[in-house]
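S.K.: Here the protein sequences come in this chain order: H and C. If you're matching positions, the first sequence starts at 3 in the numbering used here and goes up one per residue. If you're matching positions, the second sequence starts at 26 in the numbering used here and goes up one per residue.
It should be emphasised that the hints constitute simulated quantities derived from the structure, not laboratory data. Any given hint could turn out to be false.
Said to hold, decoys possible - Straight-line alpha carbon distances no greater than 20 Å define the calculated DMTMM-like cross-link-like pairs of lysine to aspartate or glutamate that follow: (1) C:595 to H:318; (2) C:91 to C:201; (3) C:597 to H:358; (4) C:580 to H:228; (5) H:337 to H:322; (6) C:601 to H:228; (7) H:363 to C:576; (8) C:589 to H:322; (9) C:600 to H:359; (10) C:591 to H:359; (11) C:257 to C:317.
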Amino acid sequence: MNPDRSSESNKPGLYVHIPFCSSICPYCDFAVLTGNRSRQERFVSHLLREIELADDHGGHHGHRGKMRGFDTVYFGGGTPSFLYAEGLSEIVSAISKKGWLDTGCRWFLEANPEDVTLSSLSVWQELGIRTLSLGVQSLDDEALPWLGRHHTVDDVHRSVGRVREAGFQSLSLDLIYGRPGQELADWRKELETAVALEPDHLSCYQLTIHDRTLFGRRQREGEVMEASEDRQAELFRLTHEFLAAAGYEGYEVSNFARSVAHRSHHNQKYWYHTPYLGLGPSAHSFDGRSRFWNEGSLFDWQKKIDDGESGVEGRETLSDEELLLEAVMLRMRTKDGLDLAWIRDNFDIDFLKLNEDVVAKLSADGLLELDENWLRPTLDGLAVADRLAVAFNIGTAVK
Amino acid sequence: MALDQIRNFCIIAHIDHGKSTLADRLIQRCGGVSDREFRDQILDSMDLERERGITIKSNTVSLHYKAKDGRDYLLNLIDTPGHVDFSHEVRRSLMSSDGALILVDAAQGVEAQTVANLYLAMEHNLTLLPVINKIDLPAADIERVQEEIDTDLGLDGLEAIPVSAKLGQGIDELLEAIIERLPPPTGDPGAPLQALIFDAQYDAYRGVILYCRIKQGTVKPGQTIRLMHTEKEYEVEEVGLLQLKRVKQEELSAGAVGYLIANIKAVHDIAIGDTVTHKDNPAPKPLPGYKEAKPVVFSSIYPMSTDEYEDLTKALEKLTLNDPALTYQKDSSAALGFGFRCGFLGLLHLDVIQERLQREYDLSLLLSAPSVQYRITTEKEGLLMVDNPSRFPDPMHIIKSEEPFIKASVMMPERYLGAVMELCRERRGVNTAFNYLAVGRVELTSELPLAEVLFDFYDRLKTVTQGYGSFDYEMLDYRETQIVKVDILVNGESVDALSQVVHVDNARPRALHYCERLAETIPKQQFKIAIQGAIGGQIIARTTINAFRKDVTAKCYGGDITRKRKLLEKQKEGKKRMKMVGAVEIPQSAFVAVLKTDES
C-alpha cells in the first residue's frame with residue numbers, strides 16, 4: 003500500500019499483557035499491579051489456559067477470528083521483565099507450540115533497566131527475544147525519583163552496555179518529557195545522553211496526567227504536574243528536530259527510528275488496522291473489522307478463564323464510517339500520513355473532494371501537506387494531530 | 026348588598042413583607058376557601074410566583090365577613106404585585122380600591138417600595154391603614170417601626186395594627202379595622218356605566234375574562250358594552266364575583282368588584298386600565314389614569330438549537346395571551362440564527378419571562394444584553410426609536426441622541442449613604458439628593474439613565490449596602506446623551522449578537538469586558554484569534570487567543586484506539602453546535618458566559 007512502508011507487513015501480531023510491576027508509577031494508568039510469586043504463578047496458569055483455548059472461543063462475544071501467521075509477538079505491561087523467568091518460558095513455549103507463528107516472527111519484550119541482569123538477558127535470548135524496549139523514562143537523576151522510578155542514570159548505562167554485549171538485534175528506549183518546569187536545555191541534555199547510547203529506536207512520550215493516578219490526584223489538589231502548553235509544544239518540536247538531526251526519523255507522534263527497518267513492527271499494526279490478537283487482562287484484539295477487549299481486572303479475567311470462557315469482556319464491530327474515522331485519526335499521527343488511494347479503494351469515496359476546504363485551510367495554516375495521493379501532517383500538524391482528526395469530514399462512507 | 030356593606034381594598038408592601046401570607050390569613054378567616062382547597066399563599070397562582078415568593082400577576086378575591094356589629098360585609102381584596110417592574114399593575118389595583126393596607130415588616134421597617142407605593146396610593150386618594158406584620162419575629166421592633174411609619178410615611182404609627190400573618194395573630198382586629206376605618210365605595214347604580222378594567226385573564230373556553238371595578242352604573246348579561254379607549258364593542262355573556270372561583274351574578278353595580286365575560290378573543294384586543302361603558306348610554310368620559318404599559322427593556326431571545334424556534338414562537342404567543350406587557354417581534358442574528366426581539370417592563374419582568382420559557386416550555390435560550398430604547402434624531406429619517414443595536418443609524422447622520430432617565434429611590438441605613446452616592450455618581454446619576462427619615466435611615470433619590478441600572482446595578486447596590494438597601498424607580502423622561510454602538514469583532518468579523526449601544530464613557534470598559542470574557546471561553550484554535558471591541562472602524566479594546574500549539578495524545582496503542590475514536594466522535598458532534606464567525610468556531614457556552622454577566 004505504502005511505498006514508504008517497506009518494513010510494514012500485513013501479517014497479524016500477537017500481544018501478551020503482563021500486568022505486574024515492582025511498584026506502580028505515579029503517572030501510570032495501565033492495568034498494572036504489584037504481585038508476589040504466587041500471584042504471578044496464578045496469572046501464568048490462566049494465561050496458558052487462554053492460549054490453549056484461544057482458537058476455540060466463540061462465546062457470546064463472537065470469535066476473535068482464527069488469526070494465524072503472527073510475525074510479531076510483543077510482551078507488554080506492566081513490566082514483563084518483572085515476571086519470574088520460568089513463567090515467561092512457559093508462556094513462550096506455549097505460544098510456540100500453537101503453530102501460530104510466521105517463520106520470520108520477531109519477539110519483543112519491555113524491560114526495566116534494573117531487571118536487565120546477565121542472567122535475565124541470557125534467559126530472554128534463549129527464548130528467542132531479539133528486541134528489548136527499556137523503560138528508561140528519564141536520563142536525569144533528579145527526575146527519576148519524581149517519576150517513581152527506582153533506577154539511576156548509571157543503571158541505564160550499565161543495562162544498555164549489557165544488552166549490547168549480549169548481542170540483541172534491536173534496542174529501544176522509552177523516555178518521558180514535559181515535567182512541570184522542565185527547561186528546553188534540560189531535555190536537550192537528556193536527548194544527547196539518549197543518542198549517545200545509540201539505541202535503534204526511541205519512544206518519547208509527553209507526560210500525560212490521568213485522572214486515576216497519584217499525579218492526577220495531586221493535580222486535582224492544585225499542584226502543577228505538567229509543563230505549560232507552550233513549553234510542551236517547544237519540547238515536542240525540540241524532540242523531533244533534535245532526533246531528526248541525530249538520524250532518528252520521527253515516524254509517529256512519539257516514536258523515532260534509526261531507519262525504516264527499525265520502526266516498531268508491532269506497534270505499527272495498531273496504526274494501520276492490521277489484525278492483532280491480545281492475550282492477558284485488558285488486552286485488545288482486532289480482526290480487521292471488529293475489536294475485542296479482555297476483562298481489565300486480573301480477578302475478572304481469571305474468573306472468566308476459570309469459567310471456561312475467553313477473557314473477552316466486550317467487542318465492537320466498526321462501521322465503514324468508524325473505520326475511516328479511526329484511520330484518519332491514526333494516520334494523522336504518522337509522518338507517512340493518509341493514503342488517499344487506500345481510502346478510495348476501501349471506502350469508495352473521494353476524500354479529497356469531500357475535504358477540499360479543510361485541506362486548503364490546514365495547508366494554508368502550515369499543518370498539512372498534500373503530496374500526490376498522500377495527506378501528510380507537517381511537524382506543526384503532528385503536534386496538533388488530535389485537532390486535525392476532528393477537522394476532516396468523514397462523510398457517510400459507503401462501501 | 027348596600028354600598029356601605031362593601032369594602033374594596035388592596036395591600037401594598039415591600040417585597041417579602043408578607044403580603045401574600047396576610048391575604049391567605051384573611052381568606053381563611055372569612056371562610057373564603059375550604060381547608061382542602063387551601064394552599065399557602067393562594068393568591069400567588071403561578072408556580073414561579075410561589076417559588077420566588079413574589080406576586081407577579083394580581084388576583085382578586087371577594088370575602089364574606091360577619092362583623093362584630095352583626096352585619097354582613099363583602100370585602101373585595103385586590104392583590105397587588107410587589108415589585109417595581111409591575112408598578113402599572115399596582116396602579117390599576119389601587120384605582121380599583123377605596124382603601125389600602127400599608128404593610129410594614131416589624132424587623133425590616135419601611136422600605137423604598139413601601140414609600141413608592143404609598144405615594145401612588147395617595148395619588149388615588151385611598152384611605153390608608155398601616156399594618157405591622159411579623160410581630161412574632163425575635164428581631165421585631167414595633168416601636169421603631171411605629172416611629173418610621175410616623176416619619177417616613179407621615180401616618181400615625183400608633184394607629185398601626187400589629188399582626189403576625191404567619192401565626193394568625195391580630196387578624197380579627199385587622200378585619201374590624203377594615204370595616205371601621207376604610208370607607209365604603211361610592212357611586213350611583215343608575216348612572217351611565219363606568220367600569221375600570223384592572224386586570225384580565227385568558228381562559229381557553231371563555232376567552233378573555235375582564236376583572237372590573239364598577240365605579241358608576243350597572244352591567245348585566247345581554248347588554249352591549251363599549252371599551253372607551255380601544256373603541257371596541259362586545260355583548261356581555263356573564264358577570265359575577267371572584268371568590269377564588271368565578272361565582273355568577275345577575276348584575277354588577279356601582280361599588281362592586283367582579284368579572285365580566287364578553288366573548289373577547291385575545292388579551293391584545295383590550296387594554297388594562299380602559300373604561301367599560303354601555304354602547305347605548307355611554308358615560309361622557311373614561312375614568313382617569315389610563316396609561317399604556319410600555320416595555321422599557323429590550324433583549325433578543327434565541328433558542329439554543331434552531332429546531333426549538335417553532336416552540337419558542339408558540340411559547341411567546343401563549344405567554345402574551347396573559348401578559349400584554351410583553352412584546353415580541355422576529356429578529357435574526359448571523360451568529361445565533363432566528364429569534365425574537367422582546368420588550369419587557371423591567372429587568373425582573375425579563376427574568377420572569379426567561380424563567381417561564383425555560384421552565385414551563387422547556388426551552389434552552391440565549392438572551393442578548395438588555396437594552397433600553399433610545400430616541401435618535403437623524404438627518405435623513407427624522408426621529409427613530411432604537412432598542413436594537415442592529416437598527417442603530419450611521420453615526421454620521423445622527424443629530425441628537427436621547428436616552429430614558431429614571432428617578433431612583435434608595436432607602437438604607439445612613440452608614441451606606443456615601444457608598445450609594447458613589448455608586449450613583451459612577452452610574453451617571455444627577456440631582457442626587459437625600460433626606461433623613463427616622464433615626465439612622467436615609468432616602469436617597471437620584472436621576473439615573475435607565476441603561477445604567479440594567480448593567481449589574483442591583484448587584485452592586487446589594488453589595489455596597491450589604492443587603493440593607495432597597496430600591497425603587499419610576500420613569501422620568503428622555504434626556505440628551507452621547508451614545509455609540511460597540512461592535513465585537515472576532516478576527517475582524519462582527520458578532521452581531523454581541524453588539525451593544527452604550528454611553529460613550531462606558532464603551533471602552535464594556536468592550537474590554539466582553540473581549541476578556543470571550544478570550545476565556547472561546548477554545549484555542551489552529552490560528553491566532555484577535556478579539557476586538559470597536560466603534561465603527563476604531564478599535565477600543567483588544568485581546569487575543571493564541572493558536573493551539575500542542576494537542577495530541579502521547580500514546581495510541583491497542584486499548585487507546587476505541588476510547589480515542591469515541592472522544593473524537595463527541596468532539597465532532599460538539600463541533601456541529603459551534604457557531605461560526607468567519608473561520609472561528611465559537612461554542613454556545615461562550616455566548617452564554619459573555620451575556621450572562623449582564624443579566625445578573
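S.K.: It remains to establish, for every hint, whether it holds in the given structure.
M.R.: Each hint tested on the structure:
1. C:595 to H:318: With a Cα-Cα distance of about 17 Å, the restraint between residue 595 of chain C and residue 318 of chain H holds, given a limit of 20 Å.
2. C:91 to C:201: Cα-Cα ~10 Å, so holds.
3. C:597 to H:358: holds (18 Å)
4. C:580 to H:228: Distance of about 16 Å is within 20 Å: holds.
5. H:337 to H:322: It is violated: about 24 Å lies between the C-alpha atoms, which goes past 20 Å.
6. C:601 to H:228: violated (31 Å)
7. H:363 to C:576: This hinted pair holds, its Cα atoms lying about 18 Å apart.
8. C:589 to H:322: Within the cut-off at roughly 17 Å; holds.
9. C:600 to H:359: Given pair residue 600 of chain C, residue 359 of chain H holds - Cα atoms ~16 Å apart, limit 20 Å.
10. C:591 to H:359: Measuring from Cα to Cα gives roughly 25 Å; hence the hint is violated.
11. C:257 to C:317: Holds. Residue 257 of chain C to residue 317 of chain C sits at ~17 Å (cutoff 20 Å).
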